[in-house]
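Sequences listed follow chains A and B, in order. The opening residue of the first sequence carries number 1 in our numbering; numbering runs sequentially from there. The opening residue of the second sequence carries number 1 in our numbering; numbering runs sequentially from there.
Keep in mind the hints are simulated off the structure, nothing from the lab. Among the hints, erroneous ones may be present.
Any copy, or any two copies together, can satisfy a pair, since identical chains are not distinguished.
Straight-line Cα separation of at most 30 Å, DSSO-like style, residue types lysine-lysine; simulated pairs [stated by the list, open to error]:
no.: 1; residue 1: K354; residue 2: K271
no.: 2; residue 1: K47; residue 2: K19
no.: 3; residue 1: K271; residue 2: K422
no.: 4; residue 1: K47; residue 2: K354
no.: 5; residue 1: K354; residue 2: K283
no.: 6; residue 1: K283; residue 2: K422
Number of protein chains: 2
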Amino acid sequence: MAEHSVTVENTLQTLLADKKYSTIRDILVTMNPADIAAVFSGVERDKLPLLFRLLPKELAAESFVEMESEEQEALIRGISDSELRQVMDELYVDDAVDIVEEMPANVVQRILAQSDPQMRREINEILQYPENSAGSVMTTEYVKLSPGMTVGDAILRIRRTGVDKETIYTCYVLENRMLVGTVSVKSLLLAPNDLQTIDSIMESNLITVTTHTDQEEVAQMMSKYNLLAIPVVDGDNRMVGIVTFDDAMDVMEDEATEDMEIMAGMTPSDKTYLRSSPFDLFKHRIPWLALLMVSATFTGLIISSFEEKLAALVALTAFIPMLMDTGGNSGSQSSVTIIRALSLNELEFRDLPKVIWKEVRTAVLCGVVLAVLCFAKVMLVDRLLLKTEGVDAMVALVICLTMAVTVVCAKVVGCTLPMLAKKMGFDPAVMASPFITTIVDALSLLVYFGIATALLPALR
Amino acid sequence: MAEHSVTVENTLQTLLADKKYSTIRDILVTMNPADIAAVFSGVERDKLPLLFRLLPKELAAESFVEMESEEQEALIRGISDSELRQVMDELYVDDAVDIVEEMPANVVQRILAQSDPQMRREINEILQYPENSAGSVMTTEYVKLSPGMTVGDAILRIRRTGVDKETIYTCYVLENRMLVGTVSVKSLLLAPNDLQTIDSIMESNLITVTTHTDQEEVAQMMSKYNLLAIPVVDGDNRMVGIVTFDDAMDVMEDEATEDMEIMAGMTPSDKTYLRSSPFDLFKHRIPWLALLMVSATFTGLIISSFEEKLAALVALTAFIPMLMDTGGNSGSQSSVTIIRALSLNELEFRDLPKVIWKEVRTAVLCGVVLAVLCFAKVMLVDRLLLKTEGVDAMVALVICLTMAVTVVCAKVVGCTLPMLAKKMGFDPAVMASPFITTIVDALSLLVYFGIATALLPALR
Chain A
1 MAEHSVTVEN
11 TLQTLLADKK
21 YSTIRDILVT
31 MNPADIAAVF
41 SGVERDKLPL
51 LFRLLPKELA
61 AESFVEMESE
71 EQEALIRGIS
81 DSELRQVMDE
91 LYVDDAVDIV
101 EEMPANVVQR
111 ILAQSDPQMR
121 REINEILQYP
131 ENSAGSVMTT
141 EYVKLSPGMT
151 VGDAILRIRR
161 TGVDKETIYT
171 CYVLENRMLV
181 GTVSVKSLLL
191 APNDLQTIDS
201 IMESNLITVT
211 THTDQEEVAQ
221 MMSKYNLLAI
231 PVVDGDNRMV
241 GIVTFDDAMD
251 VMEDEATEDM
261 EIMAGMTPSD
271 KTYLRSSPFD
281 LFKHRIPWLA
291 LLMVSATFTG
301 LIISSFEEKL
311 AALVALTAFI
321 PMLMDTGGNS
331 GSQSSVTIIR
341 ALSLNELEFR
351 DLPKVIWKEV
361 RTAVLCGVVL
371 AVLCFAKVML
381 VDRLLLKTEG
391 VDAMVALVIC
401 LTMAVTVVCA
411 KVVGCTLPML
421 AKKMGFDPAV
431 MASPFITTIV
441 DALSLLVYFG
451 IATALLPALR
Chain B
1 MAEHSVTVEN
11 TLQTLLADKK
21 YSTIRDILVT
31 MNPADIAAVF
41 SGVERDKLPL
51 LFRLLPKELA
61 AESFVEMESE
71 EQEALIRGIS
81 DSELRQVMDE
91 LYVDDAVDIV
101 EEMPANVVQR
111 ILAQSDPQMR
121 REINEILQYP
131 ENSAGSVMTT
141 EYVKLSPGMT
151 VGDAILRIRR
161 TGVDKETIYT
171 CYVLENRMLV
181 GTVSVKSLLL
191 APNDLQTIDS
201 IMESNLITVT
211 THTDQEEVAQ
221 MMSKYNLLAI
231 PVVDGDNRMV
241 GIVTFDDAMD
251 VMEDEATEDM
261 EIMAGMTPSD
271 KTYLRSSPFD
281 LFKHRIPWLA
291 LLMVSATFTG
301 LIISSFEEKL
311 AALVALTAFI
321 PMLMDTGGNS
331 GSQSSVTIIR
341 ALSLNELEFR
351 DLPKVIWKEV
361 RTAVLCGVVL
371 AVLCFAKVML
381 VDRLLLKTEG
391 VDAMVALVIC
401 LTMAVTVVCA
411 KVVGCTLPML
421 AKKMGFDPAV
431 MASPFITTIV
441 DALSLLVYFG
451 IATALLPALR
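Throw the hints in and build the complete structure from the sequences for me.
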């Protein structure tokens, strides 16, 4: 895809320089909105309005929706009020809201001024819902039917009003603004008789979300129940909108990206990598780096307080990174598994005892195998091969005991913290590798020095 | 949702013990297939066929699709051949394939024996495509139209054949088995005139994938172009099936989970957490733990070779964890960002120089800030507050220089390795935190001891 866009981009640049506008239009109309937006992102900003005017009205609006907000803003500033009005007339409300949310105030005012009054009212309504709620991603344009209508009437209503609706494939049956059922176009088309009433064929077993449901949960419900669209109701159970599958897909992608960013110790960003400046990246990365660096003071304190004993048996120092890293890796395996299960709703807080018991058994299996491997490695590599001074069977035993205990501690910490975070209303993803690593580092050192002091006569 | 299922589960258990089958049926028919499957997973296996027989035919088949493979297998073993045939008659081909892929050979034979010959042929065909390819997740049931048909004919054809198709909303226009266009039911219903021909309203600007396209790319294309279904063509450009949005959503969720598991140093698993035994978890976690533990030998070697110098200034040891952890965190921030951008197709290999240059600038910003913080921390906390022996301004300088250099190295390694891995055909996610940490640990120690030897007279 990207390969393709680039070639077209170069061609367009040349054609643009030669002012061959009709050829440009002929190329653009064969393309999809997403690809047109990709090509436009490579064009100089001041050429954008010119290119945009070459597109047929509907394709222009669809391509506009797919552009990044920087180009949208440049374009809005470059086109006339009447051109902007034409674009707004073609947009679905939820797309218009997405655009408005990213624009500076003076551009927003121009957009609202050029929208028709109903659209303006609906945009303002959706803007009031909290960020990342179902209300903020829904559209208020859907097909409404009433229970007493016949199948034939319903098909007629769809034919008359459907062109302005984002999806016509699921229609919503309302009675006094309350949702009483859904009817798919499939069941309308396949109904044996056009005179059947809607209430006789509608699905009255409803799956709904409220305006305040988190968008991640909305996407997961749609995926779980294989829904094309999910109805959104307000606190009084009145229907206010729908979320469609294409928005749900975007939400799933964004939420997964956000979780990965948080798990790697970054504050989440909306910008794609290539569009982020080094300073953007810096801002999202420095807070956790600084916090974790400062909290590593504890690890330093633990080592300092055992400095004298370490001096008595310097060989012990060489195994610190291996013990800390293995602990950190064990802990992040558990935490990432639990964080993902929590965000897919596979786990709840009351599962905590079950989870800890499962992690303890897993950790014992991992710990024993690692301890045996580690004992063999220390005896063969460090003692026999490298003849490291001070390494004997007792030291190997201390190291492999520490290994086993650390792995168990790390896995218990790794599975418990994300679940506690969720219980306390934090994002569990914050409790991932970098955080767990810092805790596990301190734990593994305490265990190491504790076991060493207990077992090695040289340290008494 | 889960709360709800559990309550129903308890009620059902009681009703089951009291043999109140008609009440159970009344409850079950109000529920969605996904919820019925969740309830069934909590019921004893030998009761499953009994409960299953209470469901109406279509709901039974839909719930069957939603169950986990263990319960599906138990159920298939517990029902008669004719009951199994009824279920198979209701299934879509792609769902049947998903089930067959998880079953042992003797159950597969029974399933195939009870499928009608066309279904059997289609199942066998789909089974031949490589795992995770478009061919393996597609369905072969879709609505076919021809270019010369009128809109009225097309609607009639949908009404006659649509009941067996997974989606009727996008219809495919074929000529000699080649795809020449798509028509949405929306455009059929909104067509001004029933006598218009299909080729006059069809979309001929086609987005297709081939049977061998990776399922992750398929899902991303559907998300990018907002498609309900995407057509799958073979090597000769003949249409063989479609992938629908619900499968694309499942793919997106599974691929994100898989990436997170690999990034945390685990081999990916198909089972949900609660269904995985400790031994399952152990198997997926031990390979990377063992590999990384052994590779930490290098870090140990580096420390050992500087042991004498460390003994001369033991205070240096206390800062090793902080330097290693900050390096590891910096590297994993970069690697996770790049891995995600690669898997969302935002980056390609030719962007490597741009990426490295961006990471270097980001790293310099992070490095300078961390170095300043670190210098202040060492001078205030370690020297003034704790009065750690041997820590002076020169030592603080060594530490904060190491910090800055390590952060830059870590970020360059963290962004380069995933891109190289992708170029060489590996999964970039393998190059995430655990792997990067091991490399960065070694690097940071070399830098630390190198700078220390150069600057501190005590170590000469």
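Cross-check of the supplied hints:
1. K354 to K271: between (39 Å within a copy, 17 Å between copies)
2. K47 to K19: Cα proximity of K47 and K19: one copy only (11 Å, versus 75 Å across).
3. K271 to K422: Close inside one copy (26 Å) and across copies (22 Å); limit 30 Å.
4. K47 to K354: Between copies only: 25 Å across chains, 61 Å inside a chain, cut-off 30 Å.
5. K354 to K283: Classified as between; 19 Å across copies, 39 Å inside a copy.
6. K283 to K422: both (26 Å within a copy, 28 Å between copies)
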